[in-house]
Amino acid sequence: MTETKIKIEDLPTVYDAKSTEEKMYKFWENGEYFKADAHSKKPPFTIVIPPPNVTGVLHMGHALDGTLQDILTRYHRMSGYEALWVPGTDHAGIATQAVVEKELRKEGLTRHDIGREEFLKRTWKWANEHKSAILNQFKRLGASFDLSRERFTFDEGCSEAVKEVFVTLYNKGLIYKGAYIVNWCPRCQSAISDIETEYETEQGHLWEISYPLVGEPGAIIVATTRPETMFGDVAIAVHPSDKKYSELIGKTVMIPLSGRRIPIIADEYVDKSFGTGAVKITPAHDPNDYEVGKRHNFSPIWVIDEEGKMKACAEVPPEYQGLDRYEARKKIVDMLSYNNFLLRVKDHEHNVGKCQRCNTTIEPLLSEQWFVKMGPLAKEAIAAVKDGRIKFIPERWEKNYLGWMENIRDWCISRQLWWGHQIPAYYHKVTGEMVVAKENPDPENYVQDSDCLDTWFSSGLWPFSTMGFPNAETDDFKKFYPTSVLVTGFDIIFFWVARMITMGLEFTGKAPFSTVYIHGLIRDEKGQKMSKSKGNTIDPVQIIDKYGCDALRFTMTSLCTYGGQDIKISDERFEYGRNFANKLWNASRFVLMNLEGVDDKPIDKNKLTIVDKWILNQLNETAKTVNKYMKEYRIGEIAHTLYDFFRSEYCDWYVEIAKIQLKDDELKANTQRVLRYVLDMSLRMLHPIMPHITEYVWGLIPGEKHASAIVISKFPVYEEDLAYPKEAEEMKLVFDTITSLRNVRQSFNIPTSATVDVEIRAEGKEKEIFGEIEPYIHRLAKVNNITYALPEAPTPAQSAAAVVSTSKLIVPLAGLIDLDAEIKRQEKKLEKLTNEKNSLLGRMKNEKFVANAPKELVEQTNARIEEIIAQEGVIKELIESLK
RNA sequence: GGGCGAUUGGCGCAGUUGGUAGCGCACUUGAACGACAUUCAAGGGGUCACAAGUUCGAGCCUUGUAUCGCCCACCA
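In terms of the numbering used here, the first sequence opens at residue 1 and continues consecutively.
Heads up, a few of these hints could be off.
Said to hold, decoys possible - Pairs of lysine to aspartate or glutamate, DMTMM-like flavour, derived with a Cα cap of 25 angstroms:
(1) Lys605 / Asp539
(2) Lys726 / Asp604
(3) Lys18 / Glu29
(4) Lys7 / Asp599
(5) Lys479 / Glu880
(6) Lys668 / Asp600
(7) Lys26 / Asp539
(8) Lys478 / Asp491
(9) Lys605 / Glu666
(10) Lys177 / Asp271
(11) Lys346 / Glu395
(12) Lys668 / Glu772
(13) Lys828 / Glu880
(14) Lys479 / Glu160
(15) Lys26 / Glu129
(16) Lys659 / Glu575
(17) Lys624 / Asp644
(18) Lys102 / Glu82
(19) Lys309 / Glu164
(20) Lys767 / Asp818
(21) Lys829 / Glu847
(22) Lys438 / Glu730
(23) Lys624 / Glu596
(24) Lys131 / Asp476
(25) Lys139 / Asp757
(26) Lys26 / Asp600
(27) Lys605 / Glu867
(28) Lys331 / Glu129
(29) Lys663 / Asp736
To be verified - FRET-style restraints, in silico, Cβ to Cβ:
(30) Lys765 / Ile712: 42 to 48 angstroms
(31) Ile712 / Thr110: 52 to 58 angstroms
(32) Glu666 / Ala853: 44 to 50 angstroms
(33) Glu867 / Asn743: 40 to 46 angstroms
(34) His778 / Thr561: 53 to 59 angstroms
Derived by calculation from the structure, the hints in this document are not laboratory data.
Ideal Cβ placement from N, Cα and C applies to all residues, glycine included.
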């Protein structure tokens, strides 16, 4: 990014995020910096985006997820990899269909009115119109994905992959069709899978209903939470060893209100201690009852239909037919009560299944559906994680994944929807014979299964369907598959991650990614999940408008923890990132303003001051740490490390000291080079997290930078010859000295306009260092005269003192000093030191400590004790002189 | 019922080979200076939930307890 026309002096003093971000994203797009080359010789680094729903708008979860993926992509792009981030969207079967149906309803229509073909046409149109919206929002996040490779889970390629996978699994016997109890959502009008069902504890009732015996007096009392299913009962079951009921087994009872006769049977399934110990068996509407019914060869009786209404069938008395299941329940209970069949009603807390999408209570319903037989497929998916081909970060999610996989149940994949991949099964119009094939064998005589596949079926193929599968010979597949890392929240480990692993291994023989990086979920400031209904959502686009994208990214990143904890956010938290961006902006402005006349020569290592060496050393250490943390996915700590380095070390100390060096003709040129170098490298390290501002500022740095843009510049690494550990250590004396002197000034209310003198009592190496840093002391602590004395010299009256390392700083304050205040201040210090000393002495008295602790630590402890003793002496002496 | 996570200054949180606690916000005090008040400087504030254990030494390891949160399973 070069805009030579710009004058640094003309840049605003407040960073303008909005215009910069727009300009920079266009710059990257025009330069095609995000386009990955399948023929590159660089090693690949690939991420596929968890495809957001095509119906969706960007939420904070996307913002975090996207930012993390972008950071990893940008980092690797800068670190010698051919980096590819594949964008795309998910057709989101139920969700999208629901939106379009809602639109239709406004016109007074249902999908059935316009028919399947027309409905699909409309939905495609809708999807095409909205597809770009969500990805455009990702662009506002600064996402460096390759839009030339944008995909859609329902596009031609993905559809081809779906058919291939379905047919292959069917032919292997891993997909089957059959009648089972499934979770039916009466609102969505479709079956849903087990994991799409969420359980909520509800306060319900346990009704005890009397089923009279036929042909003799007496009755059996049955407890149920769902009396409305009673017309579908096929039997009453009791435990075979339950003495209470042993005489009743084999007898017949009558269903109250309908009068149908059913037997009493014995089955181990019954829990003697629950309820009355007798259970009504309704195979068509309860999974356990279905099993019992099957064992005893009962035909199921459907009494509730797909809309959750009582069926119009012989078993249901006419007055209940067509009633909603809850109305029916109420009426049945009333009638039971009226007719004295209802003996007792107890409050009962129980878990009720809800549709994850619409929160409608699930109706377990016996129906014909398609399933994937997961057992055989899970084996390899378990092995891949156990043997380390796939690693979860944080590791604890492996347990979660394995636990689920090891108890995996078959996956119900058919949905009674129109929007989605229609199941590639064809039935002969006359014979009903079924053919499973990628194409209709004979459209004249065969009709396709009307059901669609679960959206997650196609998402499960995403890492390879986006690379050209089923064609394994595409350039992309060969270069970029398997992908490197999958970034997502823990909420879709089962839905998505597990299925990608399963399908990836089965169809490509390779794990689709080697690392699964699981981050926490975004929550509101109270720790609650954000949801539209709660009204506690924070819109990332609004945050970007208000604080800037880089501010959003930096704040969110800094809140990520190694353990992947959930992240609580509130609007104000983004001030942190905005302020840092502004700091970055202004520090850069200052440095750039002072680079006038800078030459292109490398830093002259012979002319480096102790401070130059220190900052270069710290920069170097920062680069080392950041690279290490990147490999360990400790993204939050990267943000902290860079914040500390840039703000606390570079801005607060180095830039301040550089101001002094720039005034020195001898040092000016080299100081400029150091300033520039450190700014350059800092920007590069910050670029993955704050891409826009760094790109813009970097473009303004004069001189040769060996890249046309920061986005493709080389990410800094540790350089052996820039390590100055000795100077870094010595600089602590500088910081201590300046801070102590400032402390003295503040304690005695010395106006900032006034200068003070200081007498330094130091020997040997320390004295040498003081000599070297005198100019900084003058300027940064507002010191006029610096004089030296022997350590033993008596402390003059009317002076404040500070102890740094083993040297003493005496500040004569005749006339300025409040004696009592200074004595108090010194006594407080003394107390602190003495406490520390006593604790350390206690440790040294412990023979075992001396014997067992590392030598260095013992030495360190001793040295510290000596230092404290020396400092104590100085302070005591000082206190005396003040009295 | 099983599993996981959390508990650290007023608030939000860091703290991975166990060596004696850090950050942001808030708070107190001060602010001359051509980078920045979205700033700078100085400072106050914590028995790291509780109990026991291992160790010379525990925020960190072991065991138990309490409170909160999540996930899985699910008895009508």
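- Given the proposed pairing of lysine 624 with glutamate 596, does the C-alpha separation stay at or below 25 angstroms? Cα-Cα ~30 angstroms, so violated.
- Evaluate the given range 53 to 59 angstroms for the C-beta pair formed by histidine 778 and threonine 561. Check failed, 43 angstroms falls outside 53 to 59 angstroms.
- Does the Cβ pair glutamate 666, alanine 853 satisfy 44 to 50 angstroms? holds, 47 angstroms
- Compare the distance between the alpha carbons of lysine 605 and glutamate 867 with 25 angstroms, and conclude whether the hinted pair is satisfied. The hint is violated at about 34 angstroms.
- Query: Are the Cα positions of lysine 26 and glutamate 129 separated by 25 angstroms at most?
  - Reply: Holds, at about 22 angstroms.
- For the pair we were handed, lysine 624 and aspartate 644, check the Cα-Cα distance against 25 angstroms. holds, 14 angstroms
- Given the proposed pairing of lysine 478 with aspartate 491, does the C-alpha separation stay at or below 25 angstroms? Given that 25 angstroms is the threshold and the Cα spacing comes to 31 angstroms, the pair is violated.
- Please work out if lysine 26 and aspartate 539 have their alpha carbons no farther apart than 25 angstroms. Since the Cα atoms of lysine 26 and aspartate 539 sit roughly 23 angstroms apart, the hinted pair holds (cutoff 25 angstroms).
- Message: For lysine 726 and aspartate 604, compute the direct alpha-carbon distance and say whether it is at most 25 angstroms.
- Response: holds, 19 angstroms
- Message: Between the alpha carbons of lysine 605 and glutamate 666, is the straight-line distance 25 angstroms or under?
- Response: holds, 14 angstroms
- Given pair status - aspartate 736, lysine 663, alpha carbons within 25 angstroms: Status holds; Cα separation ~24 angstroms.
- Message: Hint check: lysine 828 vs glutamate 880, CA-CA at most 25 angstroms. Holds or violated?
- Response: The given pair, whose Cα atoms are some 15 angstroms apart, holds under the 25 angstroms limit.
Going through the hint list in order, the structure does not satisfy hints 1, 5, 8, 10, 11, 16, 18, 19, 20, 21, 22, 23, 25, 26, 27, 28, 33, 34.
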